[in-house]
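Chemist: Chains B and E: place on chain A using the hints.
Residue numbers (the numbering used here), protein chains in the order written: chain A, 1 to 414; chain B, 1001 to 1308; chain E, 2001 to 2351.
Think of the hints as simulated: they come from the structure by calculation, not from any bench. Ideal Cβ placement from N, Cα and C applies to all residues, glycine included. Treat each hint with caution, since some may be false.
Where chain A lies over chain B, by a calculated footprint (3+ residues, C-beta under 8 Å) [as the list claims (entries may be wrong)]:
1. 1130 to 1136
2. 1274 to 1288
Just a sample of chain B residues kept apart from chain E, beta carbon distances all over 12 Å, derived [unchecked claim]:
3. Leu1016
4. Gly1017
5. Asn1075
6. Phe1091
7. Ala1092
8. Gly1164
9. Val1174
10. Lys1179
11. Lys1197
12. Trp1229
13. Val1245
14. Val1298
Calculated cross-link-like contacts (lysine-lysine; reagent style DSSO-like; alpha-carbon spacing at most 30 Å) [stated by the list, open to error]:
15. Lys402(A) to Lys79(A)
16. Lys1179(B) to Lys1205(B)
17. Lys76(A) to Lys354(A)
18. Lys63(A) to Lys276(A)
19. Lys2210(E) to Lys1302(B)
20. Lys2326(E) to Lys1103(B)
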Amino acid sequence: MSTRRMFLSALAFGVATAGLIATGPASAKVEGDTIVLGSAISFTGKYSSNGIHAKNGYNLAVKRINEMGGVKVGGKAYKMKIIYYDDESTPARGAQLAERLIKQDGVKFMLGPYSSGLTKAIAPVTEKHKIPMVESEGAARSLFSQGYKYLFAVLSTSEQYLASSVALAAKLNMKKGKKPGDITVAMAFENDPFSLDVRAGVVEDIKKHGLKIVVDDKLPRDLSDMTATLTKVRALKPDLLVVSGHSKGAATAARQIKELKINVPMIAMTHCESSKIVNKYGSSVDGILCPTQWSETLPNKDSTFGSAMDYDKTFKATYEGYEKGVPYQSAQASAAVMVWKDAFERAQSFDVEKVRDALAATNMSTFYGNIKFSPAGNNIAKPMFLRQIQDGKYHVVAPLDKATHPVEWPRVPK
Amino acid sequence: MRLFERIIMLDNISLLGMAPFLNVQLLLDGLLIGSLFALSAYGLALVWGVMNVKNLAQGDFVIMGGYIAVVFARNGIHPIIALPIAAIVMFAFGWLLYITIIKRVIERDLFTSLLATFGIAIVLAQGLNLAFGPDVQVAESGFKTLVLFDGNVTVSQAKLVAFGLAAILAIGLVTFMKKSRMGQAIRATSQDARAAKVMGIDTEKVYAFTFSLNAAICGAAGVLIAMVWVIQPFFGITHSIRSFVIVTAAGFGNLPGVIIAGLGLGAMEQFSGFILGAEFQQATVVGVLIGVLIWRQVQQHKHRQVVQ
Amino acid sequence: MIMNKYTLYGGTLAFGIFAPILFPAYVSQITVLWLMVVFALTWDIMGGQMGYNSLGNILFFGVGMYVCAIVQVGLHYDVAEYTAFSGAVQVHFTTSQYFSGLILGTIAAAFVSSLVAVVFGWIVFGLRGPYFAIGTLGVAIAAGELMGAWDYVGGGGGMSLPGFPGESDGSAFFYVIMFTLAVATFLFLRWLYASRFSLAINAIRDDEEKAEGMGIQTNRYKTVAWSISAFFLGISGAIFGNMTGFIEPLEVAFPTVTFGIFMVLMALLGGKGTLWGPVIGAILFHIIKEITWTYLLGWQWVALGALIVVNVVFFQQGIVGWVQEKWPEKFGIEVDEQLGIEEDSQTETAK
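This is chain A alone, in the form it adopts within the complex (with noise of 0.2 Å):
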């Protein structure tokens, strides 16, 4: 063999060895006095209007926290900050975007992707790193039954988004006189963790009450289109229409469903209010049923936001384009990084495993709703909300305690 070719591989592996030493890790978990968190989020993408809430909601937490003095630990007050990167609404990029926040950037207390889709695929990272993650976008369930100990999750789980839904249809329908084997369904899901696991609680539910399924599609994957879909629902006149595909997917129905004209006598939708279907399609959108994790109309509140009601008008008074209501998406994120001050306050510490085991003990009240994590990490004291569009507004119409209004029903289109 020739000196070239030993020449040729010295130099690889030469190039090698510089290259990796070149993509060194930077900086530490506390910078001097500011604390660093790391996100993966989507800034771009089916899941952008969406990641950009959450990203609205996390700096605003932080700004808060921020100006109320910051977080206290051994004596000293620290402030936060937060590194993003776009993970482009693809899982395996989030992945490696998070792996790069925990080895190259040297984060070590992260915040969690938007949708369950990329949290699933960032969880065995920081699980593997032993990174713990606070996560408010990934609400399936199929995260929380790993054994996964780093991570937590603010938000209540997806079977119970449209649970109530289906059995408001059931109750309805058989007031009217109507058998069970008669009330049809139509469903259109996205094919990503969260909607299948809330399409798996509503199959269940149709089940349970009896129903029948005559429409069971999934939705294109860049969720533009539908119209296959409603053409069936046109034909068959299903009594109730689920859809759930991200604020993307709940645009696009419901901007068909006015194109097409559809006239359903129920439909329910997941994502409503983030992707501002009311601002866009005005008086058309009346009558849609949005399960919602939290509502601005509820009586919680907390020292850093105050009330429910408060923080909807400090959120609107920040930034634009929220006037016709603030999503749940941005209001659990600040809850994540609430979550994260709490802990480091409790733990007195920055070491990763006792803030960790500060995390897993959290129990406390926020603007959101109260926050104590099951063991699994996933938060066990807050319900689900189901509301309804009434007159261009939101209102609560179950679990018929917290109702504000009366479910309208048959939905007429205008």
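Modeler: Here is chains B and E on its own, set in the frame of chain A:
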């Protein structure tokens, strides 16, 4: 849950039987969008037939054209005006690609041209992703929706307009190929390049022109697709595969065949999306591709046997 | 010359053994490097040695990944329930359960992938040249989509794999496995390329009709070659799935436009049809990829795509090919001074 899905599929099929209007709707949608597939397939047939270059970046040229329309629409200009401009821009782009890259891969083995164009496809897709982001885009054309048959069938005006424009472009292309000098030169070169050279045709220029023409055709098709459908940086490869399916099924010189195959593919996609579900749409296209490839192979094998 | 050859072997081996110890922060990156070596070597069997340029070898990677995952979970829990999104069953794996699942899963991955190669080979081996390439590309793309529609394995939602047991994060373990796999693949191919098998597949590459005419049962050789590729790719997929912790059909298991095309690029870069070519190509490519990732981030993919074009257009013979052409004497190739004709370096199974 698997059983559930199968039941739903049969339900979908029976739905088609119960409601004939659904068939009309799907067929109509399929034919209208299929015309756009046929357009870009024709471009591929040209390049393949004349230069033996199998352009895997075909779909990405289409998407590029689409983005030109999107930019125009964003700035308040109606996308139809973007059509000629996109064609010209893409023509120039194609010429540039030809002299830098394609020229050097024509003489080489077939895999080289495939791989080179695949590399170009990746660069284009990723570049568009950086420039425009991964969201799907539409070129807003402001066209309305027509309602036929008592509200059972809806046809978007945009799709009709696109179909019409595609037809006009196709007629224009055929006339060009038959009547103009360059068109005749292209046809001569595709039949026998050496003979054409001997006859005094500058084959280099013919090749460059053909490739650029293809890019222009794709750009035009892209504008139309952005108007009636959606575009996204990574949709290119599916469009490329569609073009390949059509050209492989119809053969190169066979324009009517390309049109029929294109329309047929469009209709097939709509029906399979309805019956099987949106998640199988790409798999259907690929399934058809494999089927066509194997069918072709069997045909050739039979031919070989007969000759022997 | 012998000294130089051993230096190459020794150098690689030393790097493989000592690098993780010297640079513990980069263990997972070097693990991926060995994965790339496996990718390039397995592609080259088909593309470089046999002339069947497959753009869809990533199919076996994904199949292996999913088969292993199904076995790992399925041995102890109902997979459909696990991925069912409905109360998703709580899982916990003991150390012995994890490792037994991993071993069995990997073996299953290897054999199922080979079987898939046999089946698909029967379908697509009738196609020649670019049709084969496009056909395999289509199959890999469709596989990703179909897997995304299969609810048993979680569909588009993907599937989480069992976590590595104990305190360690498993990176050292996976490094050793992947390095061993790369070495095993290399040694196996070295043996294979010295055997008559390689003569047969080279004959197929050079002129398939003639080979058939000479009595070589081309279909059998094609199938065996692809099964060998599939075997090693399946194992690599199983390991990679476990390293990643969460698998998903389109981005992780069947990434046709990234890993799928990298396979080809690496072999071309290093020099296809040679033994060390793919290895060198893989190492160089991986380094370039890591550096562009660190410094270019968003532009990484554009740069890599451009690299393909440049490589294919201007540098088709790859590094090894280029070296062989410049200094042919070192490879035992005779240059006939009178005729001025060089022996075609590609047909020499040089090491």
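Chemist: So, for every hint listed, does it hold in this structure?
Modeler: Hint by hint, here is what the structure shows:
Residues of the stretch 1130 to 1136 of chain B lying with their CB closer than 8 Å to a CB of chain A number 4, which satisfies the three-residue condition for coverage. By the rule of at least three residues with a Cβ nearer than 8 Å to a Cβ of chain A, the coverage given for the stretch 1274 to 1288 of chain B holds, with 5 such residues. Here Leu1016(B) stays apart from chain E, with its beta-carbon at least about 21 Å from theirs, past the 12 Å limit. Non-interface status of Gly1017(B) relative to chain E is upheld: no Cβ of that chain comes within 12 Å, the nearest being about 24 Å off.
With 12 Å as the threshold on Cβ separation, the claim that Asn1075(B) sits away from chain E holds: the shortest Cβ distance comes to roughly 25 Å. At roughly 21 Å, the least C-beta separation between Phe1091(B) and chain E is larger than 12 Å, which holds for a residue marked as non-interface. Non-interface call for Ala1092(B) relative to chain E: holds, since the shortest CB-CB distance, roughly 19 Å, exceeds 12 Å. Taking the minimum C-beta to C-beta distance to chain E, about 32 Å, the non-interface status of Gly1164(B) holds against the 12 Å cut.
A cut-off of 12 Å between C-beta atoms confirms that Val1174(B) is not in contact with chain E; the least separation is 27 Å. With a minimum CB-CB distance of about 32 Å to chain E, Lys1179(B) clears the 12 Å threshold, and the non-interface call stands. The Cβ of Lys1197(B) sits about 23 Å from the closest Cβ of chain E, beyond the 12 Å cut-off, so the non-interface label holds. Once the 12 Å rule is applied to beta carbons, Trp1229(B) is consistent with being away from chain E; the minimum gap is 19 Å.
At the 12 Å boundary, the C-beta of Val1245(B) falls inside the reach of chain E, the nearest C-beta of that chain being 9 Å off. A cut-off of 12 Å between C-beta atoms contradicts the statement that Val1298(B) is not in contact with chain E; the least separation is 7 Å. For the proposed pair Lys402(A) and Lys79(A), the alpha carbon gap of about 37 Å is over 30 Å, so the pair is violated. Between Lys1179(B) and Lys1205(B) the alpha-carbon distance is near 18 Å, which keeps this suggested pair within the 30 Å criterion.
Among the hinted pairs, Lys76(A) with Lys354(A) is consistent with the structure: their alpha-carbon atoms are about 18 Å apart, no more than 30 Å. Annotation: proposed proximity of Lys63(A) to Lys276(A) holds, straight-line Cα distance about 25 Å (limit 30 Å). The straight-line distance between the Cα atoms of Lys2210(E) and Lys1302(B) is roughly 19 Å, inside the 30 Å bound, and the hint therefore holds. Annotation: proposed proximity of Lys2326(E) to Lys1103(B) holds, straight-line Cα distance about 25 Å (limit 30 Å).
When the structure is compared with the earlier hints, violations turn up for hints 13, 14, 15 and for no others.
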